[in-house]
Amino acid sequence: MKRVSLFIPCLVDMVLPHIGESTVALLRHLDCESTYHCEQTCCGLMSFNSGFRNEARRLARHFIRVFENDEWIVSPSGSCVNMVKNRYLELFDDDPVWFARAHDLAPRVYELSQFIVDHLGVEDLGGTRHAKVAYHESCSTLNALGVSAQPKALIRSVRGTELVELTGADICCGFGGTFANSFADVSTALVRQKAQYFLDSGADLLVMCDPGCLLNIQGYLDRHHPGRGAVHLADYLAGSIGDKTQVAT
Amino acid sequence: MNITTDKFKETARQELANAHTQKFLQILPLRLASRRDSAYQSFPDPVAAHRYGQSIRDESIQRLPELLQVFETNAIANGARVFWAEDSRAANGYIVELAKRHGVSYVTKGKSMVTEELGLNEALTQAGIETWETDLGEFITQLLHRPPFHIVGPALNIPVEQICDIFLQKGVIDAPTTDPVALGMAARRFLREKFRDLQMGITGVNMAVAETGTVINVENEGNIRLNKSSPRILVCVMSLEKVVPTLADAMHMLRVLCRSATGQAAGAYISLDSGPKRSDEIDGPEELHIVILDNGRSAAYQDPKTREALRCIRCGACLNTCPVYGKVGGYPYGWAYSGPMGQVLTPALQGLGNTGDLIRACTLCHRCKIICPAGIDHPSLLLYYRYKDVVGDRALGGSGAGWRERFVHTLLSVAGSDHRLWRLFAKVARLAANRFRSGDRIHSMPNGPRGWFSSRDLPALPAKTFRERWAQMDPKKN
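Just so you know, the protein sequences line up as chains L and H, in that order. If you use this note's numbering, the first sequence corresponds to residues 1 to 249, in order. If you use this note's numbering, the second sequence corresponds to residues 250 to 727, in order.
Please note: incorrect hints may appear among the correct ones.
In the BS3-like style, the derived pairs of lysine-lysine whose C-alpha atoms are separated by at most 30 Å in a straight line are [stated by the list, open to error]:
| hint | chain 1 | residue 1 | chain 2 | residue 2 |
| --- | --- | --- | --- | --- |
| 1 | H | Lys443 | L | Lys152 |
| 2 | H | Lys554 | H | Lys526 |
| 3 | H | Lys526 | H | Lys349 |
| 4 | H | Lys443 | H | Lys272 |
| 5 | H | Lys713 | L | Lys2 |
| 6 | H | Lys349 | H | Lys443 |
Every beta carbon over 12 Å from chain L, so not counted as near; a handful from chain H, in silico [stated by the list, open to error]:
| hint | residue |
| --- | --- |
| 7 | Arg527 |
| 8 | Ile531 |
| 9 | Glu536 |
| 10 | Asp626 |
Treat the hints as calculated values from the structure; they're not laboratory data. Ideal placement from N, C-alpha and C gives every residue a C-beta, glycine not left out.
If we strip away everything but chain L, and leave its shape as in the complex, we get (with noise of 0.2 Å):
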């Protein structure tokens, strides 16, 4: 049985935490015993983005002491999985203490989709859903980690599913952080190109890896196309194998 040490983005701990319960199934449903260090707080990627790199050290000089011991880190955050891969090497690059342990610590981190198929060689989870759905390349998780064919055949594995296709999937949802708020209008005009995509695309599901575009895309549908969902690999996939751990809120 494998051990693998949860990463828990902020967003997920505070506002969407069946995203992180249904990791949990995921992984046990794979034989892999979940431990979660209580100790993990923010991975610093907010200030980084924002240019405030003396508080982001912090913050990750923090993530790297309580998860550096880890054999396996796994996260559902392709975005937040990017800032302790390859992020934090920039962060540190001028500290060649931290830059060497952000070095030690980065290959064993991965995105939850990712782990599932290159690491554990698990393409076909067994489980059945029946649904149409459509997948949405969130920008860290394709182009900065290169993860698309993996969620993809995850997906795909899923008895009843039908996996479409979705005119500009790979297109920014506009969410960048901090850029849906300051950049609002540019940011809605991506959003409702990509809901408007999604409802073309005849999907009753849209299915993605971070939970970043999940809050974006879900926002928007929730105001403007009341009833219409986007939701996150994991607690689709989860679904899919009857997942029953979750805590009532």
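With chain L fixed as given, assemble chain H onto it according to the hints.
Same frame as chain L, but now just chain H:
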């Protein structure tokens, strides 16, 4: 050129509301991007060709000071006159003075972003020298007094009716027509007259070759060729990063440039000029002046990070792939260079003073980085600029973060360094946010993120965080 980099948001809003711009933007980037992709497939090994181009730019930038000296020596040996312009004032001054000295009444120009950067047209006009843009798109934008919308097609967004009106008004056509071919022919006829007795032509430079002292231009309309071969005096303006080591390097860069820009294996006309007309040649300029423009580049070169921006070869592939450019077009970027190209170049050259929005108008989606044939890591550079702006870096003219933002990130980093504080932080955040919940959603928050709520809801924050749920999960099941 009127610099409006500080009006990004305002201009973006106008362009988002402009139905014509929006309709046009839905077609253009997709079309150019797919043409670029298929053109790249004509390389025997597209990935290797892409990487090879990046390595050429890598070498060019690494060796830039040395290559420029070699270029100058060889250009002078070819008979060209080389002028190093520290800034736009020096460059414009040299060109205006040259025109005046020769009693030139008008000049023609080939499309060039560097002269947009200089505001050369205005400088010449102020000195009483008529200036004619001879690229069709530039000609249209010049008549309309508009900045270029797109690097490859400066007037691609202008409706044909508007072109017809301005052509009638300026006497380019006698009778109205909206036939694009007829309009193109009329412009061509009009501009041919300017070439007939041309004293001075001005072009940019796509590439300069150090080993041979050659300047190279690529185009599709043939006007640059006429600008280079018909005048008595030719002025080629190059920003100093355009130099590459060898002719072989230039040939490869041209292959990636044309594929990246227009999806062509090569532009219709590629002209290589090594010096003015020789005594046994029948055409070509008697004088060739090469203006090498600095305009902030040497300063940008000092910092290994901002130096990266100088890799840019102005192909425009990043524009066509950028989701933000794809919504707002070229005007909001406010200077000669738009899209991700402008977002990395403009702050490097002008500092962060008026470019604070440019460096933040990006979702960090990484598409520009992937497509860039010069190997620029735009997201990394933008993040660097943001950092320099937040800390108020003097060299880059950073303005420093406001107290509110500084407070948020300080709080985040302090709370995030101790999980007990973090837990408290989460509780307070939940209580504060959920005061505004209606059902399981939050539709707005007074004093909250207004931009977010302008088009989106937030889910109400659940009663238990993941951390709390974890504590409740059956440990045996995990």
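| message | Check whether the Cα positions of lysine 526 of chain H and lysine 349 of chain H lie no farther apart than 30 Å. | response | Holds: lysine 526 of chain H and lysine 349 of chain H sit about 22 Å apart, inside 30 Å.
| Hint consistency between lysine 713 of chain H and lysine 2 of chain L [alpha-carbon to alpha-carbon, up to 30 Å] | 28 Å, holds
| query | Does the no-contact call for arginine 527 of chain H survive, Cβ to all of chain L over 12 Å? | reply | 51 Å, holds
| CA of lysine 443 of chain H to CA of lysine 152 of chain L, is that 30 Å or under? | Roughly 59 Å between the alpha carbons, so the hint for lysine 443 of chain H and lysine 152 of chain L is violated.
| request: Would you check the hint for lysine 554 of chain H and lysine 526 of chain H, treating anything up to 30 Å between C-alpha atoms as holding? | output: Violated: lysine 554 of chain H and lysine 526 of chain H sit about 41 Å apart, past 30 Å.
| task | Mind verifying the non-interface call on aspartate 626 of chain H? Its CB should be farther than 12 Å from each CB in chain L. | result | Its Cβ does come within 12 Å of chain L, the nearest being 10 Å, so this is violated.
| message | According to the definition I'm using, a residue is off the interface if its beta carbon is farther than 12 Å from all beta carbons of the partner; does isoleucine 531 of chain H meet that for chain L? | response | Isoleucine 531 of chain H is indeed farther than 12 Å from all Cβ atoms of chain L, at 53 Å.
| task | Verify that the Cβ of glutamate 536 of chain H lies farther than 12 Å from every Cβ atom of chain L, and report whether the claim holds or is violated. | result | Non-interface label stands for glutamate 536 of chain H: nearest chain L Cβ at 47 Å, farther than 12 Å.
| message | For lysine 349 of chain H and lysine 443 of chain H, compute the direct alpha-carbon distance and say whether it is at most 30 Å. | response | Roughly 18 Å separates the two Cα atoms, so the pair holds.
| task | Would you mind confirming whether the straight-line C-alpha gap from lysine 443 of chain H to lysine 272 of chain H stays at or under 30 Å? | result | 35 Å, violated
Checked against the numbered hints given earlier, this structure breaks hints 1, 2, 4, 10; the rest are met.
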